[in-house]
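**Q** Could you put together the complete structure from these sequences and hints?
Protein chains: 2
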Amino acid sequence: MAATIRDVAQASGVHVSTVSRTFSAPHLVNAETRNRVLAVAEDLGYRPNRAARALTTGRTHNLGLIVADIANPFFPPLIKAAQAHARLRDYHVFVADTDEDPQVEEELIQTLTKQVDGVLLCSPRLSNRVIERLHQDVPFVVVNRRLKGMSTVLMDVGHGARLALAHLVALGHRRIALLSGPAGSWTSREMADAARAVPGIELTVLGPNSPTEHGGLAAAAGVLAAGVTAVLAYNDLMAIGLVEGLAERGVEVPGELSVVGVDDIVPGRLARPKLTTVAMPTEAAGRTAVDLLLQLVGAGETATPALTTLATHLIIRESTGPVPP
Amino acid sequence: MAATIRDVAQASGVHVSTVSRTFSAPHLVNAETRNRVLAVAEDLGYRPNRAARALTTGRTHNLGLIVADIANPFFPPLIKAAQAHARLRDYHVFVADTDEDPQVEEELIQTLTKQVDGVLLCSPRLSNRVIERLHQDVPFVVVNRRLKGMSTVLMDVGHGARLALAHLVALGHRRIALLSGPAGSWTSREMADAARAVPGIELTVLGPNSPTEHGGLAAAAGVLAAGVTAVLAYNDLMAIGLVEGLAERGVEVPGELSVVGVDDIVPGRLARPKLTTVAMPTEAAGRTAVDLLLQLVGAGETATPALTTLATHLIIRESTGPVPP
DNA sequence: ATGTTTCGTGCAACCGGTTGCAGAACTTCC
DNA sequence: GGAAGTTCTGCAACCGGTTGCACGAAACAT
Chain A
30 MAATIRDVAQ ASGVHVSTVS RTFSAPHLVN AETRNRVLAV AEDLGYRPNR AARALTTGRT
90 HNLGLIVADI ANPFFPPLIK AAQAHARLRD YHVFVADTDE DPQVEEELIQ TLTKQVDGVL
150 LCSPRLSNRV IERLHQDVPF VVVNRRLKGM STVLMDVGHG ARLALAHLVA LGHRRIALLS
210 GPAGSWTSRE MADAARAVPG IELTVLGPNS PTEHGGLAAA AGVLAAGVTA VLAYNDLMAI
270 GLVEGLAERG VEVPGELSVV GVDDIVPGRL ARPKLTTVAM PTEAAGRTAV DLLLQLVGAG
330 ETATPALTTL ATHLIIREST GPVPP
Chain B
30 MAATIRDVAQ ASGVHVSTVS RTFSAPHLVN AETRNRVLAV AEDLGYRPNR AARALTTGRT
90 HNLGLIVADI ANPFFPPLIK AAQAHARLRD YHVFVADTDE DPQVEEELIQ TLTKQVDGVL
150 LCSPRLSNRV IERLHQDVPF VVVNRRLKGM STVLMDVGHG ARLALAHLVA LGHRRIALLS
210 GPAGSWTSRE MADAARAVPG IELTVLGPNS PTEHGGLAAA AGVLAAGVTA VLAYNDLMAI
270 GLVEGLAERG VEVPGELSVV GVDDIVPGRL ARPKLTTVAM PTEAAGRTAV DLLLQLVGAG
330 ETATPALTTL ATHLIIREST GPVPP
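These protein sequence lines are chains A and B, in that order. Just add 29 to the spot in the first sequence (first one is 1) and you have this note's numbering. Just add 29 to the spot in the second sequence (first one is 1) and you have this note's numbering.
Be careful, since some hints might not be right.
Copies of the same chain look alike in the list, so a pair counts if it works inside one copy or between any two.
Restricting the straight-line Cα-Cα distance to at most 30 angstroms, the calculated cross-link-like pairs of lysine-lysine (DSS-like) are [what the hints assert, rightly or not]:
| id | residue 1 | residue 2 |
| --- | --- | --- |
| 1 | K303 | K109 |
| 2 | K109 | K143 |
| 3 | K303 | K143 |
Because the hints were derived from the structure by calculation, they are not lab data.
**A** This is how it looks when you write it as structure tokens:
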């Protein structure tokens, strides 16, 4: 069994409170005593029990990070950045995957609530109402969704969409399809709003679609039926699936149709043709979200929510080309 | 502030112990009382604090899952399977990424130890000695590494390597390179042992290499220098990188050189050419690992470690072909 | 009617820490 | 030499639950 504070206290001949202070308020204990306690603790392999500590202090020094799908390559860089950034501040991050299921998401948040000081919600699928209710029990930072009263990190995908469309227009495209994502997605709506406001193009919005390779594959027929010369997809996975689906039908990218994705995930960089895509600042988002969350945690009840918007940019690769004659 | 057990007790006019039993041993409390307590609890939004509960029961109902790199597409399917499987058994899984850093790995395990009932260690990079020390504080199940005295889930990559080599031999290849992985990797050693035992081929072992796309890219020159006609890579990421590196040098796959990967990750299925690969039973491994871990957790001190080996198989796609004339 | 079970609940100690308060020992100051 | 501070440590209550034990009431057996 692991050593407890009482074992250390007994072995070093002091009261438990002295041991406790040795770790949580060292300046309050005499240097000599402190060293003795530390030596004994080291010897016994004692490590303060964080869960027990949390019971009295109300601080677990853990953060929760909830994502819809770890297998979506968009998330891991964000997760890694958040974890690394949190570690620097002596916080640990627990990641949980909701499997795109709102009910699982809610359950996970409930469970995490008491075991973490705050939760990072990435592209949540829950309704605003539920999120607001859960928010009463634990501080949140929401990534890629706009929720009033909560700290938020947004990636400026509207700007990215404009860049992508400008690129396509410059190549001569006019009839363009937007392959949208899941129904509740803020990102998807944001892209659609931005795209509709672009003058001089004839936009067809197709969707909602599953934000996966399979979703893109399934959308290929609809894209061809729409009679467009270029497509902006909700994300790279869909773009890759779409290219696949088009190839099955003998349609070449970018020869006959141009495709732009969003996210700049690794598989998109490896695909043939390499995807032109809107790069998302995922690492920065992870770090920023942790910063905002720790700010909230530190401030307690008096916290004021903050909003950060991060820039996106276009990476031109091989999946876009001039409009066919 | 969230409601506590005392709030519920007071509001429903019973002692806290009755409330406690209502949740953790319902059969011990009168149906009428129970319903009243449940109603009040519902009303107050009370949820038992798992951390506090763990303090007395010694059971957190959480599991830890430690991986070297979430961004490696090999892991997410395993993680998702483990999470889903654990949820069925009323357990939650906390995932942590070590960033391939043994020191971070050790620190994470230490932190998790008190907050989970057991830890799933996937392809750990720590030394045996350290793992054994940490094992004294919390039950482990190790995936893809052989450690005596601990429950283990292995994927039979040796068999997979033999299948891959047999496939290459059948295509006429004799001079074959094995692109090995990280130095401490059990999988890598296992593959090498299996490959060396295959008769009738001339094997060149190259490595160790970083188990990433970049590692494969960097190995391209060495592969060409080795004068082989086929390569078995440690994993798909490396295989993809290698194909990339070969393309840069004007070498075609599979026309001039055949490449086999391991893992059957999604990017490998999407790459051009589509990768021939050894499929790993990642979902099964995740589920099995959770089962073994819960078995250990349930058994307490008396637990006997178990070893499960899961089969692998070869998927032939487009990156392998007959030896060039 | 009495003795024995069974059932339901309360009491209080406990899990492993933290922390406000009190007091002992030692300084410092006048 | 005594009052007033400092510095350090111990005491005990507390965080939010769980659980062995005791006890009263009701149900059952004789």
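**Q** Please go over all the hints and tell whether each is borne out by the structure.
**A** Here's how the hints hold up against the structure:
1. K303 <-> K109: both (25 angstroms within a copy, 28 angstroms between copies)
2. K109 <-> K143: both (23 angstroms within a copy, 23 angstroms between copies)
3. K303 <-> K143: neither (45 angstroms within a copy, 46 angstroms between copies)
When held up to the earlier numbered hints, the structure conflicts with hint 3 and nothing else.
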